[in-house]
Structure formats: structure tokens, C-alpha cells
Amino acid sequence: MNKYERSMTLGFMVFGAIFLIGGIHYKIGRFNSPGGGFLPFWFGLILVTLGGAHLISNWKELKKKEEKFFDKRSGMKKMVFTFISLPAYTFLLSWLGFIITTFLFMLFLLRFIEPQKWKVVLIVSIMTTIVAYAFFVLWLRASLPPGILEKFLPY
Amino acid sequence: MEAFQHLMLGFGICFQPINLLVCFIGVLVGTLVGVLPGIGPVAAISLVLPATFKITPVQSLIMLAGIYYGAMYGGSTTSILVNVPGEAASVVTCLDGYQMARQGRAGPALGIAAFGSFIAGTFGVIGLVFLAPPLAEIALKFGPPEYFSLVILGVTLVSYLGGGSLIKDLMMATVGLLLASIGTDIMTGAQRFTFGVIEIAEGLGLVPVVMGLFGISEVLVNIEQELKTSSIVEGKIKNLLPNLKDWRDSKWPIIRGSILGFFIGILPGGGALISSFASYAIEKKVSKHPEKFGKGAIEGVAGPESANNSAAQAAFIPLLTLGIPANAVMAILLGALMIHGITPGPLLMEKYPDLFWGTIASMYVGNGMLLILNLPLIGIWVQILKVPYPILFPLILLFCLIGSYSINNMVMDVLVMVVFGLVGYLMKKTNFSGAPLILAFVLGPMLEDNLRRSLIMSYGHFNIFYTRPISAIFIITALIILVSSIIKIKGRKVIPIPPKSEDD
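Here the protein sequences line up with chains A and B, keeping their order.
All you need for the numbering used here is the position in the first sequence, starting with 1, plus 124.
All you need for the numbering used here is the position in the second sequence, starting with 1, plus 41.
What the hints contain is simulated information worked out from the structure, not anything from laboratory work.
C-beta atoms are modelled at their ideal positions from N, C-alpha and C, and glycine is treated no differently.
A portion of the hints provided could be inaccurate.
Selected chain A positions facing chain B (in silico; Cβ < 8 Å) [as the list claims (entries may be wrong)]: (1) Gly146; (2) Gly168; (3) Gly176; (4) Ala177; (5) Glu191; (6) Ser218; (7) Gly221; (8) Leu268.
Listed next, the in silico BS3-like pairs over lysine-lysine satisfying Cα-Cα at most 30 Å (straight line) [unchecked claim]: (9) B/Lys325 / B/Lys292; (10) B/Lys470 / A/Lys196; (11) B/Lys427 / A/Lys241; (12) A/Lys184 / B/Lys292; (13) B/Lys286 / B/Lys325; (14) B/Lys469 / A/Lys201.
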């Protein structure tokens, strides 16, 4: 076990504790008439107990020389920027509409995370946007937020 | 005879042009995800899931099942040609398959993998036809205590057979159960853990959670660690039909693999990965030339590839007869059927014979399609293998984003997916497995409902779980597993299976 695994275990124990407390709030009930808080309470308790047991049984094995969480700094940057692009896409979607947001999303990931040539970036971004629009909007009739461009297209 | 008649009904449904088309799309997508490293069947099925809500339940199940067993076929191609398993169950195929390819025998390796898969897949389907009806009949006698105990046994087995840390897997299963309690309480109608957010009043959606845990997290890990494919074995692939000697050497491994895979596949948590490793170990043990294993022995390809396909088909038995998924893929299929308003279980065969027998018949047809897709068209898959990951990953992310949004047209679903993407990434980095979590998340409502009903039935006495014979068998088996693994942990390290596969 390293310190990251320990932190994660503690995180899960906190998660379990929230359900344990929530279980009391939603009424545990009795064994012959279990209430809405019955399962969250008992399984919250089980999670906290399992987490505690895992921490105690592996405490001695805690490595003295810790390995890094990210192997390389560049890897960390790529992961963080890729991750940020996901909520960014979600918020831009209702603002700019499906077509522009999808195009910008593809362009960003293709050009700035694992840089490709501009020609490849543009071709893949445009093609993906068209195919995704045709598949989701025209075929599957998914109602994705329209933007400026969609007004000129069949919907 | 009755099974035969039912199967004919199934073929009638399966041969409808639209169903043949969805079956073909399923096995095609399955082969594709099997071939592409970095995306497994769990992630692929979760990606396709939103699209299946627009088609009928029969078509939906035919397509999703096709993806699952199709991935088992496709996975071997990458293992043999690139030495990178396309999906987890093909890890062991790398050992001898890649060596065969380096010796210029890529053709026979791919050929025997495809033929072995076909034979084993067909064996698995036949087993399914004959075993499912009696099992469903027994399951009709199940009451709430039996279902509760069965879920407990299933979750325990998945945690135990995963090969990782039992305590961590049990923690993940508990997390899954707790997540399932978010939303409206079925018995009282009260809101739990929604904190006033109306969008999660019906609970967290299966698709956003699965896409986050398996799709997004996988991409984040690959991006950070710069996934690179090794060099593909170059040169024209010839002689795809194995010669007489190859067949002689592979005959028994295929038969043994098919039987072994079938029985391991039925067990919750058994699945394709474990069966392929078990088959490899057995083949090496019974071989007259164990020293040849790892250096290009065809038995090392034929056995495991047969076992993983047979297991993939057998995994449908607990799902379709008991309503209990054997692995993460089956858990998603269960969720997909429930979204369509169908609860898999012993009554499925009676209530929806078209769905049950249509899917089984589609597996026969799908196996045939896969043989054609994987042998004459091998060149196309080799070309696809050359698509670089930097171009592939934005597509996967985009599919996840649109897919999760389009189910209910809700931004909240996307945000749930993003949050679970991050959680899944952290779990992967700290070796916590997502499979028990998803299984328990899907089974959570069933477990809670049956637990509370059982306790009401017994006036609060827990003896209801061990005084009823079937329930007692399940509970005692679960206890034996837990106790034996505690003893094992104290004694020596557990079974020599590689770290948990998310796809199994």
C-alpha cells in the first residue's frame, strides 16, 4: 500500500460514514420493519469497517520511499487538460450549440494534447462533427442544444 | 424437443432482416473493440447503450450480446499480431500467439483462434439452450431470502475470483450498493441522498456511471501513460486455414477449453479472463511438451481462445434465468433491459420468449458472422490496428459526452459521468476495481428490496436466510469463500491471476 491508496481508502471510509449518518437521518427502523435508512446505515458501517481493516492490515507495508503519483509531468498535464475539456464541453454545449462545440472540442484534443498536423486535425474534426451530427441528431433524433449554425441545417 | 421448437422460434426472430442487421453491427463493433487496445467490451457496450434505447429490446439485446462475444474474437487478433491484448481475456493468447506470428505462423494462429472460438461459442450456446430452462424452473421457487442470499453470493464470488485484494473488492461492492440507494426509496417513496437535486430523484443513471468508470477513466489513464502500440508483425498473413497437424494438436485443447470455459462462465465472477488462464494452465500441465509453451505452441492459443468464448456465452445463463449478472458486462445488459422495462429472471423465458430465444439464436448466427469477419477480412483489422491512439481517444470521449447527454437531455448526467470518470481514474491508479462496484450498483435495489421483504416476512429474524435450504446453500457458500480467503491471506498470497480486469 502506498500513501495514495491509503488516501483513497480514507476517502471511501468518509463516503461510508456519510451514508451511515444519512441512514440514521432517514430512519433505520427495526429488524422487523426496516426503514429507508436501514441499508445505507448498515452498509455504510460495513464500508467504514472494511476500510479500517484494510488500513490496519496494510499499515506496516506502507512504503518508505514513495513512488510518484504521475510518472511524468507531461503525462499529468495531458491528463488534467483532457479532464478539464469534459466539463468545458458540457457548459459550452448549451451556449454555442452542438456543431461548434464539438468541432472546437475535437480540435483542442487533437492539436494540444497529443499534437497532430493541422491538416489531420482539421480533417478529423470536421468529419467527426458531420458524422456525429448525422448519427445523433438526424438518425437517432437526439435533441442536442442548437446553436447559431444549426439554424441553417435540417433538424 | 421443446427446446428445439423454441430455438426454431428464435431463428424465426433472428432471421428478420433488421435483427440480422443489428446482430451484424453488434459483432462488427465487438470485433472492432476487441482489436483496438485501450477500449474493452465494458466501455464499448456503455458507449453504444444510449443508441440501443431507440430500438426494440430484442434488437438491443442481440446487438449488445454481439459486442460482448465479438470482442472475445477480436481480442485475439491484437494479441497475436501486436503482442498487446485487445481485451483482458486475450492476455494469455499473447504468450504463444505472438511467438507463432514471429515465426511466420500468424495465419494458423489467427485461424485456430477463430475456429476454436467458433466451436467453443457454439458449444456455449448449446449448453445455454439446455441448461437455461431447468435452471429457470428452479429459480421460480425463489423467494426474497433466496434472492438476497444469491446476490450476496454473487457479489462475494466476483470479489473473490477477481484475483486482486478481496477486502478492496468487497469495499467496492459496498460502495456500489450505497450508490444504488441514492434516489427514491422503493418502499416508502422518500428521497434519499439527493440533497434536493431533482435530476437524481430516480437515482444515478447506469449509463453515466459506467461510461465514467470504464470509458473516461480508461482514456485518462492511457493519455497520462502515453499508450503506444508495439510494432505490428509485418508481412502478408497467409495460410489462415490450420493444417492437419495443427488440428491434431488443437483438437483436445479446444474441447477442454470449451467445457472448462462454459462451467467457469456460469459462475458469477468466473468470466472469460479466468477461464482463459485456467485453460492455459491445464494445457501446459497435460501437454507432453510443456517446454514449448511460451515459444509458439498452438495449444496455448487454441485452449484459452476457446475457453474465453465459451465462457462469454455461458455468462448469459445466470442473467437470463436468475436475473443475476455474472460480470460487469452482464450487469450493464441487465441495466439495459431494465431501462426497456424488462426484468430478467426465471419468468423471462415465459413472458418474453421472443427476446430470450431470439437472442440465443442470434448467438449461433453471430458466431458464423464472426468467423467470416475474422478470417477473410483480417487485413482490414490489421489496418485498423494502425489508427493511432491520439486520434482515437477524442472520438471515445466525444461519444461518451454525447451518449450520456442524449439519454435524458440532461447536463446532470454528463456531470455525473465526469465525476465518475475522475473517481474511476483514481481507482485505477490505486488498484481499486470497478467491476464489483458496477455489479453491486446494478444489483443494489434487488438486494435492498429482498432484504427488507425477508426481514418483514420473518418478523425481524435473520434465521430466514439459513433455515430455508436454497438460501442456506448460497449463504454458507459465501461464508466458506470469505473464511477460506481470510485463511489464505494469512497463509500465503492468493491465486496467481493478473490484476483485475475491468472487462470481466
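So, going through the hints one by one against the coordinates:
1. Gly146: Holds: closest Cβ of chain B sits about 6 Å from glycine 146 of chain A, inside 8 Å.
2. Gly168: Holds, because the Cβ-Cβ distance from glycine 168 of chain A to chain B comes to roughly 6 Å (cut-off 8 Å).
3. Gly176: Status violated, d = 10 Å.
4. Ala177: holds, 6 Å
5. Glu191: violated, 11 Å
6. Ser218: For serine 218 of chain A, the interface hint holds, since the closest Cβ of chain B sits about 7 Å away, which is under 8 Å.
7. Gly221: Constraint on glycine 221 of chain A not satisfied, violated at 13 Å.
8. Leu268: holds, 7 Å
9. B/Lys325 / B/Lys292: Answer holds: lysine 325 of chain B to lysine 292 of chain B is near 15 Å, not above 30 Å.
10. B/Lys470 / A/Lys196: holds, 14 Å
11. B/Lys427 / A/Lys241: Holds: lysine 427 of chain B and lysine 241 of chain A sit about 17 Å apart, inside 30 Å.
12. A/Lys184 / B/Lys292: violated, 50 Å
13. B/Lys286 / B/Lys325: Satisfied, since the Cα-Cα distance of roughly 18 Å is no more than 30 Å.
14. B/Lys469 / A/Lys201: holds, 18 Å
Violated hints, listed in ascending order, are 3, 5, 7 and 12; each of the other numbered hints is respected by the structure.
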